[in-house]
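Peer 1: These protein sequences, in sequence, are chains E and C.
Numbered according to this note's numbering, the first sequence spans residues 1 to 509.
Numbered according to this note's numbering, the second sequence spans residues 1 to 509.
Keep in mind that the hints are not guaranteed to be accurate.
Calculated Cβ distances over 10 Å to all of chain C for the following chain E residues [to be verified]:
| id | residue |
| --- | --- |
| 1 | E43 |
| 2 | L59 |
| 3 | R95 |
| 4 | A107 |
| 5 | E109 |
| 6 | C121 |
| 7 | K184 |
| 8 | I190 |
| 9 | Q194 |
| 10 | E282 |
| 11 | L284 |
| 12 | E336 |
| 13 | H372 |
| 14 | W418 |
Simulated crosslink set (DSS-like; lysine-lysine; CA at most 25 Å straight-line) [what the hints assert, rightly or not]:
| id | chain 1 | residue 1 | chain 2 | residue 2 |
| --- | --- | --- | --- | --- |
| 15 | E | K499 | E | K378 |
| 16 | E | K223 | C | K148 |
| 17 | E | K184 | C | K148 |
| 18 | E | K404 | E | K499 |
| 19 | C | K404 | E | K413 |
| 20 | C | K413 | E | K383 |
| 21 | C | K383 | C | K499 |
| 22 | E | K413 | C | K383 |
| 23 | C | K184 | E | K184 |
| 24 | E | K5 | E | K184 |
| 25 | E | K148 | C | K148 |
| 26 | C | K348 | E | K223 |
Just so you know, the hints here were simulated from the structure itself, not pulled from any lab data.
Even for Gly, the Cβ is constructed at its ideal location relative to N, Cα and C.
Number of protein chains: 2
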Amino acid sequence: MELAKRRGFLWPSFELYGGSSGFYDFGPLGTLLKNKIVEKWREHFVRREGSLEIDSPTLTPEEVFRASGHLEHFVDLMSECGKCGQPFKISELVREKTGLDVEGRPAEEVEALLREKGISCPECGGRLGRVFEFNTMFRTTIGPGGGKVGYLRPETAQGIFVNFRRLWRLGRERLPLPVAQIGKGYRNEISPRQGMIRLREFTMAELEVFFDPRNPAHPSFGKVAGERLRLWRAGEEMRGEERMVEMTAGEAVERGAVCHQLMAYYLALTKRFLLDVGIPEERLRFREQTPGQRAHYSRETWDAEVRTERFGWIEVAGIAYRTDYDLSRHSQASGEDLSVLLQQERRKEVCHVVEPSFGIDRIFYCVLEAAHLQGGGKLRFRKELSPVEVCVFPLLRRDGLPEKAGEVLELLKGRGFWAEYDEAGSIGRRYARADEVGTPYCVTVDHRTLSDGTVTIRERETARQVRVPLPELPRVLSSLLRDELRFEEAGPLLQEEEKGKEEEEGEEG
Amino acid sequence: MELAKRRGFLWPSFELYGGSSGFYDFGPLGTLLKNKIVEKWREHFVRREGSLEIDSPTLTPEEVFRASGHLEHFVDLMSECGKCGQPFKISELVREKTGLDVEGRPAEEVEALLREKGISCPECGGRLGRVFEFNTMFRTTIGPGGGKVGYLRPETAQGIFVNFRRLWRLGRERLPLPVAQIGKGYRNEISPRQGMIRLREFTMAELEVFFDPRNPAHPSFGKVAGERLRLWRAGEEMRGEERMVEMTAGEAVERGAVCHQLMAYYLALTKRFLLDVGIPEERLRFREQTPGQRAHYSRETWDAEVRTERFGWIEVAGIAYRTDYDLSRHSQASGEDLSVLLQQERRKEVCHVVEPSFGIDRIFYCVLEAAHLQGGGKLRFRKELSPVEVCVFPLLRRDGLPEKAGEVLELLKGRGFWAEYDEAGSIGRRYARADEVGTPYCVTVDHRTLSDGTVTIRERETARQVRVPLPELPRVLSSLLRDELRFEEAGPLLQEEEKGKEEEEGEEG
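This is chain E alone, in the form it adopts within the complex (with noise of 0.2 Å):
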């Protein structure tokens, strides 16, 4: 995290006023990344599976959630401390003091619960006051005066499912119908004290999955089907078998460890994006959530869950199956039908959803201790991944060189790279510098450049260097960004003496 601050990937937000918790900014470097994760989810999610995506208002009328039932629900049981004040999320305290799980349990079990075993203020021991359920929507007034009541939208499902009829329509009434939605999700948590891990404003990434509850079958199951899947399934459905087991996309379903075929589908999907972005796949697993853990509206849901180095355990997405909950009581709400007539079925019925839905900035995490991990003390993300793809250095300051790097940074720019330009010090602190943060290949213009037009470039991981014709450079530079080239491929493979030469040339810096 020391590294993550110096070099610009993310801090606590609003310190210069003495910070505000459950926020944070991303940098420069981790806006970068955050957006390149972006990228990498919309490309598996939306790109790849022809999903639509919409984008609605994060302020929601209450009406919304008052039909979705997270006026009533999306609560948590808080206490204060009467002696000093202190708010406290009370499945968090006494998970921490017995170890039992008590969410989705009673405030008056709770609280008898809290007597019982003692539990006092964790700050100043004092004797904890009334438990009682807080509502951690964030709420305010859309327009002035005796306006109307809002919220912001703790999940951006809602934004889908009110406007269900309309994207039937769009999706040419077709099932499965996938619809995306990437944006903030905000929730008023009561002392959040896990850094990144537990925010008050987040970014979503989330998909809901109609379908026929009488056919839940992907058609493009037979490409995921071999994928293997751990899977640690909730206590109270086992009967002495083990928790953990590990099978295939398709054995899940044969076997029943999943409901169905679509659910198993997307926890496939799931486990290629979070390889694709550099979690190590035996950091991952799947954890069954058991009733109590489960949102008001899932029969079945399966946690995507990271190993991290700092957190222990920790979810970085929800497979949700969310029945016909949403419509059933978005139909209610409003009066309106909103059941569909399957053509080819010839009959009506409320589709189904299964709801994959990413805590991006928890992924961010993940990605970023796992890249320090390959890293040993840097950065070493996947190619792709890297918020710095070049870096282009001039090997001396002057003789006309830092104006040629600055037309092949331009050049880059203009080609779609993420590139940096740096004549700081010794080009070895130079290597280091982009190093450190995972940048992937750094080009260094030299006298041969102005001569004969030819850069070199420079593997972060082998420290091999190669030499290219500028008008090359970008093409090489994308096919080896992508993998679809060998360093050695690229050009010559510069010989150690010339390495050698071109270093202690550029030491004077």
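Position chain C against the provided structure of chain E, taking the given hints into account.
Peer 2: Positioned in the frame of chain E, the structure of chain C alone reads:
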């Protein structure tokens, strides 16, 4: 707008519950288009300029807006009808009724004007009540119980200013230092009535350019000095001169029409960006704000205005000279010294700021309207901006053509294209559907594809067709989209009789 709604570009939000004015949803094609506009902005103002981009929260503690002056100044004059209770934004009402601009005037003065001009409720004719200031930030509470007051940000800029010290270091302590942010902004409009033009939640793209007030030059000014600008100067500054003048950015600086080079640089860049997303040059001008119109922090502001058919001239960007207002205010409020040491100049200085600030939703509207005007009932975007880049058709729905077309679709999606598949109806209807939303290229898989591995590409503009071998398709399409290849050079052009034959076959659908 009928076309935009029908084909899923955008629609008013929450219609299922009667709607909520000031909020719009972007549908699937709208989201694609909006994302492309944002990426173009990022290309022009971040990647090519080497700006730092950050991403800070929308929910902001009260201290920040007390320091920035928004608590005091981010207000509109409002009044409610004494009879029907309808709230009105008074400056709008007065402008509509009298043509007068009362923005920035004291409430008592405006109330007197209402009485004098006999302005009453335009809905019911009732007498309007007292005129008072209404703060148009959305307010909420962060944390449980007596938590902290927070507001949804009305601009992304403050998230940059509060991080200035860190950004100065990350930008290597050099000026000018451009820092960007793209994200949601919010304004609790009193009674938004202009659709997309006056939203309560919107997407902004802002750049805060920190510079040395004693040296307001831009190192790359030479690149834009010849860019012609149409300037509409503020009335107050005029002494018998023409209001509307046209001159180059260089001349604008020399003649003092704009305050300094940095301002002129960003006016020119703004023009280039707007043209690049498809705004016609003749519909663009820069209008200087009068002192009354200017925000509390600004010394000189130029609005980029686009002439629309529906709303007349509308502001799509503001380029404001914010002076040292923000850094000085935050310095006072936080007690931190936000001045910097300029190494070369050997002096300390509080940086000044020029802020180009863009309303992405308004630009979206203008791009859509321009595409509609260009397309004569259909949409015609700049090719790169087209939401769908290529549509893939099987000529017939049999003989293995749909399966082969499915493979072509996968190939294109895998290479990063936004591609769609359509097999419904005759080939002519499918071309028409793709044409309507501006899809520049259609690829058809026919019987020859199965025998010799070629497909046809049809160009929307001319309805000409060429045949291209499948392996070359991605490269050819990508060159065509970027205008790096002329259509007639993409492959052998199909003769009219060949096209006729294909279409005849395809009519069977």
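Peer 1: Against each hint, give a clear statement of whether it holds in the structure.
Peer 2: Quick rundown of the hints versus the structure:
1. E43: About 8 Å separates E43 of chain E from the closest Cβ of chain C, which leaves it inside 10 Å; violated.
2. L59: violated, 5 Å
3. R95: holds, 19 Å
4. A107: holds, 14 Å
5. E109: holds, 21 Å
6. C121: Holds, since 15 Å exceeds 10 Å.
7. K184: With a cut-off of 10 Å, K184 of chain E comes too close to chain C, as the shortest Cβ separation is near 6 Å.
8. I190: violated, 5 Å
9. Q194: holds, 16 Å
10. E282: At roughly 27 Å from the nearest Cβ of chain C, E282 of chain E sits farther out than 10 Å, so the non-interface label holds.
11. L284: holds, 24 Å
12. E336: Violated: least Cβ distance 6 Å, not greater than 10 Å.
13. H372: Given that every Cβ of chain C is farther than 10 Å from that of H372 of chain E, nearest at about 19 Å, it holds.
14. W418: violated, 7 Å
15. E:K499 <-> E:K378: holds, 23 Å
16. E:K223 <-> C:K148: violated, 50 Å
17. E:K184 <-> C:K148: Within the cut-off at roughly 21 Å; holds.
18. E:K404 <-> E:K499: With Cα atoms ~20 Å apart, K404 of chain E and K499 of chain E stay inside 25 Å; holds.
19. C:K404 <-> E:K413: Roughly 37 Å between the alpha carbons, so the hint for K404 of chain C and K413 of chain E is violated.
20. C:K413 <-> E:K383: Distance ~20 Å between K413 of chain C and K383 of chain E Cα, so the pair holds.
21. C:K383 <-> C:K499: Distance of about 23 Å is within 25 Å: holds.
22. E:K413 <-> C:K383: holds, 20 Å
23. C:K184 <-> E:K184: Holds, because 9 Å separates the two Cα atoms, which is no more than 25 Å.
24. E:K5 <-> E:K184: holds, 23 Å
25. E:K148 <-> C:K148: Cα-Cα ~22 Å, so holds.
26. C:K348 <-> E:K223: violated, 63 Å
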